[in-house]
Amino acid sequence: MIEVQHLTKQYGAFTAVEDVSFTVERGEILGFLGPNGAGKTTTMRMVTGYMPPSRGRAIVAGYDIFEQPIEAKKRIGYLPETPPLYPDMTVRDYLTFVAKIRGVPRAERRSRVDTMMARTHVADMAGRHCGKLSKGYRQRVGLAQALLHDPDVLVLDEPTAGLDPKQIIETRQLIRELAGNHSVILSTHILPEVSQTCQRVVIINHGHVVAVDTPANLTARLRGSETIYVLVDGGGADVASALTAVPGVTSVAVTGTDAGALACEVASHTGHDVRRDLAAAIVGAGWGLLEMRPMRMSLEDIFLHLTTEDSAEQPQIPEEHAVHG
Amino acid sequence: MGNVIAIAQKELKGYFASPIAYVVIGFFALMFGYFYYALLVFFQQQSMQAGGFGGPEALDVNQQLIRPVFLNASVIVLFVLPMVTMRTYAEEKRSGTIELLLTAPLTDVQIILGKFFGAMALYAAMLAVTVVHVAVLFLFGNPEWRPVVTGYLGLLLMGGCFVATGLLISSLTKNQIVAGMVTFAVFLMLWVINWVASFQGPTAQAVLNYLSVTEHLDDFTRGILDTKHLVYYLSFITFGLYLTVRAVDTERWKG
Ligand SMILES: Nc1ncnc2c1ncn2[C@@H]1O[C@H](COP(=O)(O)OP(=O)(O)OP(=O)(O)O)[C@@H](O)[C@H]1O
Ligand SMILES: [Mg+2]
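Line by line, the protein sequences are chains A and B. Mapping of the first sequence onto my numbering: position 212 corresponds to residue 212, and the numbering continues sequentially without gaps. Mapping of the second sequence onto my numbering: position 10 corresponds to residue 10, and the numbering continues sequentially without gaps.
Everything labelled a hint here was simulated from the structure, so no lab data went into it. By construction, the Cβ of each residue, glycine as well, lies at the ideal position given by its N, Cα and C atoms. Just so you know, not all the hints are guaranteed correct.
[What the hints assert, rightly or not] Computed list of lysine-lysine pairs in BS3-like fashion (alpha-carbon distance at most 25 Å, straight line): (1) Lys13(B) to Lys132(A); (2) Lys254(B) to Lys74(A); (3) Lys166(A) to Lys132(A).
[Claimed, not checked] Label-pair ranges, simulated between beta-carbon atoms: (4) Met1(B) to Glu71(A): 16 to 22 Å; (5) Ser18(B) to Asn217(A): 50 to 56 Å; (6) Ala121(B) to Asp150(A): 28 to 34 Å; (7) Gly96(B) to Arg26(A): 26 to 32 Å.
Chain A extracted, bound-state conformation:
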């Protein structure tokens, strides 16, 4: 449905996006994740044909957005970062205008506008001027505008920005429903949003794609080092140093106590399974091993990991808890 090949955008001498490639299949929701200024909006603007790329190309629903812009644009619904509303128009007039220019046949316009106002919960504001809407309503009208012509491809730049929690949930639900026969690209800084709505994630930083994968695979792949959670009973303060002494362990963090037992997070090098040795050390010392399980990194960690300047091989354990070995 969407094929992005080696997109590059230069603003003068500054390269905002460099060599970005990814594809989105029919019915798939792709999350576009990156910190401020990463180049998410810039990429989306090139995909939607708002501006031409400096290099590379984007093919939407089989049409090159640059070679056959009209055909491609007919199949795209786009919610820009700032919802493009005319302040002097009422919500209904605005949506009717968009339906016109997006090529919705005259006979269907009214019903499409009504349907979309209902789906995005703006029907009660139909007669209000767009300029007098609250931020959240503006965002919803922007979403309605993108959906009017039932496009194959939806490009949503931060669709949940400015919405209240209830609306965020409803909007995500709506996006998931739409994904059935549409392909969706959505950008966000909110990580839970990605794992909740997207099948795949593109992580972008400083204009470069850092990773493309499913949220689950990313989590697995990024376990540059593994962390194991253990709950030890009866060891007291000696536990940390005893565990640090186990071969292969890089650090031990005491994260708390659970009914007298000590909860520790033990980090080790990848490919070096230390569980057997850990168990032996604990049991050998005469302590009780109440629990042991591998910990998965949250997407939050991955995000920070991928996008902090010195993305070192191992994730950082918070300093205050760490005992280095």
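Position chain B with the ligands against the provided structure of chain A, taking the given hints into account.
Frame of chain A, contents of chain B with the ligands only:
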């Protein structure tokens, strides 16, 4: 075509939803009314003096009254049209709605023509207000209708040149005040460019006179429909709109 009309309607509604349309039409009607009155009083006086036997009919209403009224109207147009065109592109760029237009299945030409006709419709509404004044002359005198019709046509075409220029300038900036000021300066240049003509050699004089947008209006107000002027106005408008298309495309590359 449907798209052009959709944009033109949107533009026109936009003018009337904001105070602009009312301010512009009000200002135009006021200034026009004032000039009309002044010229009418002057005309009356003159015809009284010239009258003697023939009475007021001795002077030519078309030549002595309607023509100066049209020429004065062209000066008012010069002041008002920048207010109409300054926001066309600048405002869309500032508010981000340009992103809607440029990602909709529309061509740049459709968008620009839509904006052009939208502004022209407002301008036509402005001129329509003055029809009342002119109609009064038909009630009380018997002017020829031909110079009146060609006069209006000339005003429309001249306004078209200004609107095309204004669109071009508005497409180059995000700031509508800047767009307005620059447009006004350019209009003024187009109007007075031949004032220095009489100090130049014959060739330069001809060229400067040809360039002056208002110079071409003169024949229209006399009731003369000369293809020379039609060609000038229409090519001016086409060229202005063409440059706007180029400008919008260049802006798009810049991002
Ligand atoms: N018109 C422009 N001219 C020059 N530089 C620009 C322009 N638009 C964006 N940039 C730069 O390009 C980079 C990427 O910007 P972009 O808006 O794509 O980031 P983003 O990922 O959408 O960020 P955010 O999460 O804040 O929306 C930024 O450094 C920005 O300053
Ligand atoms: Mg952005």
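Here's how the hints hold up against the structure:
no. : hint                               : result
1   : Lys13(B) to Lys132(A)              : holds (17 Å)
2   : Lys254(B) to Lys74(A)              : holds (24 Å)
3   : Lys166(A) to Lys132(A)             : holds (22 Å)
4   : Met1(B) to Glu71(A): 16 to 22 Å    : holds (19 Å)
5   : Ser18(B) to Asn217(A): 50 to 56 Å  : holds (52 Å)
6   : Ala121(B) to Asp150(A): 28 to 34 Å : holds (32 Å)
7   : Gly96(B) to Arg26(A): 26 to 32 Å   : holds (30 Å)
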